[in-house]
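**Q** Given next are the chains, with one letter for each unit.
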Amino acid sequence: MGPKNKQESHNSPCLAVAIGGLELKNPLMTASGTFGYGEEFAPFVALNRLGAVIVKGLSLEPRSGNPPPRIMETPSGMLNAVGLQNVGARAFIAEKLPFLRQYNVAVIANIFGETVEEYQRVAEILSGAKGIHGIEINISCPNVNKGGLAFGARPDAAAEVTEKVRGETDLPLLVKLTPNVTDITEVALAVEAAGADAVSLINTLTGMSVDIELRRPHLANITGGLSGPAIRPIALRMVWQVANAVKIPVVGIGGIMSAADALEFLITGASAVQIGTANFIRPAATMEILDGIVNYMIRHGIGDITELIGSLNTNQAGEG
Amino acid sequence: MSEKESLLTAQIIDNRRVAPAHFLMTVRLPLSFATPFPGQFVMIRNDECDGPLLARPLSVYGFQRQQDHAVMDLLYRVAGRGTSLFSRMMPGEELCFFGPLGKGFSVPTGVKRVLLVAGGVGVAPLIFLLHKGLLPAHGKGIIETIFYLGARTAELLTGLERLCGSCDLKICTDDGSRGYHGPVTGLLKHDIGGFDAGDTVIYACGPKPMVRAMGNLLQDAPIPCQVSLEERMACGLGACLGCAVAVRTGEGKTDYRRVCKDGPVFDLRDIVFTSPAGP
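These protein sequence lines map, in sequence, to chains L and G. With positions in the first sequence counted from 1, the corresponding number in the working numbering is that position plus 41. With positions in the second sequence counted from 1, the corresponding number in the working numbering is that position plus 3.
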């Protein structure tokens with residue numbers, strides 16, 4: 042590449058990444074459950090500029106979710122126990138997907154079920170729909186007894202659901218992992234062997250908070266999933282562990298609020314990142330993060346984002 | 004909502020204490036900001052300080068367009084860390100601001116008599132409704148507006164200066180320090196039998212126990228009541244599904260609706276009062 046070309050590439054760095062056969066224009070995805078079905082954010086976000094939209098988790102039948110109160114703010118984070126409220130896979134295709142189809146953005150359907158068969162049925166229904174580019178299996182919701190955590194906490198169960206869903210779809214398959222396990226790499230390795238194209242992590246950490254005046258839990262569900270900056274260092278550590286253990290791409294999730302946070306995950310080994318709680322706080326967060334990543338790459342003379350992914354230098358301070 | 008919500012930085016013009024733990028904030032907005040309907044709300048957050056993560060929903064108390072900008076009033080009670088930080092902000096400081104959000108009150112045709120029932124800081128959206136939605140309709144159908152205003156004590160009554168002379172005002176205090184001694188729903192209970200359900204409508208906003216009492220009071224009275232609910236929210240945009248309220252659907256089932264997007268104004272008859280922590 043000549044000097045002129047190099048200069049040009051640095052002014053508009055290449056952000057494209059591939060996640061298990063899914064070609065994305067950039068590594069920014071919206072985390073499931075934090076971006077609705079895309080429409081809610083259209084006034085604030087140029088959806089065409091996103092790498093992918095991951096929609097709210099879908100089940101075979103509509104689900105009404107948990108009773109309120111469902112959320113509580115905690116230091117640098119929030120607890121939620123929404124309980125996988127969703128319109129159901131068929132209503133999503135009929136009512137929500139047409140809106141997203143207008144945009145040039147990859148749509149990833151996040152799916153869950155109470156049984157392996159239900160996961161399979163949802164995957165089958167969604168794989169046949171025009172405008173779905175990938176499937177993310179949620180085996181990690183902490184707020185519903187049978188909302189997937191039963192599958193996500195055990196490597197053999199995680200492998201089983203992955204393998205069965207794999208049999209139903211040719212779409213790129215991501216498996217979203219729970220941090221509520223002793224060793225997340227065991228589960229990651231198990232789903233990789235079962236045919237996952239990528240793993241995304243972490244889902245929320247199970248947490249709790251109490252109103253001391255009433256001596257009642259703040260959430261009707263008693264416990265909830267903790268998200269936001271409070272969990273970021275844990276998420277980053279787990280991405281580091283998993284990226285070193287598996288060969289498939291890792292998608293980093295967990296309290297990413299800024300471009301600097303997203304870059305931490307990319308450098309640590311995530312091939313892409315998902316923006317979650319930040320969408321609630323600043324609806325245009327994804328756009329700000331994308332601009333910030335581009336500015337960083339220009340500032341550091343990085344022409345292609347793949348140069349950045351997994352570039353963490355762990356030499357002793359001073360050596361590198 | 005007929006116009007789009009916008010995301011912007013708003014400058015504080017004034018922010019002063021109007022009663023113990025109650026503040027009135029006035030912010031400057033660009034003219035492009037959509038005119039809020041009574042009952043709509045905005046999400047505000049102090050982006051500069053190391054404060055709470057989530058924005059706070061506040062209902063619109065007043066809105067005027069000037070020559071080159073718009074001005075919004077927000078009446079709020081210091082209820083926690085987020086609102087406490089707002090209360091310490093100074094004129095000139097900026098807020099991350101988006102709105103207007105949600106579905107507001109509606110004024111049905113054929114209404115002759117309006118009852119506004121406010122508890123505490125719940126007065127804010129009702130005063131905005133009175134000035135923007137009801138007073139302009141006086142003489143065009145509405146012949147009587149009665150405002151039931153309740154607070155714990157006389158010094159916690161807010162919004163009086165915006166009410167004087169504009170309607171029939173009935174004050175209630177829990178401690179009897181001014182007006183009727185007891186909750187606002189207590190006085191309403193005395194009066195309710197005198198209103199004709201055919202041409203009366205009630206608008207209500209207040210703390211959860213008041214909303215629950217309104218539900219009980221109006222269970223057998225056929226007077227329609229629109230109530231503005233308050234709930235913890237993360238996004239205000241309908242995405243987080245955090246602000247759920249249980250409602251009766253058309254098919255007679257119970258389902259959840261989002262206070263931010265499907266409300267905050269609901270028909271009181273649709274609300275299902277279940278858990279002790281519910282509305």
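Please note: incorrect hints may appear among the correct ones.
[Unchecked claim] Label-pair ranges, simulated between beta-carbon atoms:
#: 1; chain 1: L; residue 1: D332; chain 2: G; residue 2: P139; range: 39 to 47 Å
#: 2; chain 1: L; residue 1: R131; chain 2: G; residue 2: D270; range: 27 to 35 Å
#: 3; chain 1: G; residue 1: Q69; chain 2: L; residue 2: D252; range: 22 to 30 Å
These are calculated hints, taken from the structure and not from any lab test. Just so it is clear, CB atoms sit at the ideal spot from N, CA and C, and this is done for glycine as well.
**Q** Next step is simple, just say for each hint if it's right about the structure.
**A** Checked hints:
1. L:D332 - G:P139: 39 to 47 Å: holds (44 Å)
2. L:R131 - G:D270: 27 to 35 Å: This hint holds: roughly 29 Å between Cβ atoms.
3. G:Q69 - L:D252: 22 to 30 Å: Violated - the Cβ-Cβ distance for Q69 of chain G and D252 of chain L, about 43 Å, lies outside 22 to 30 Å.
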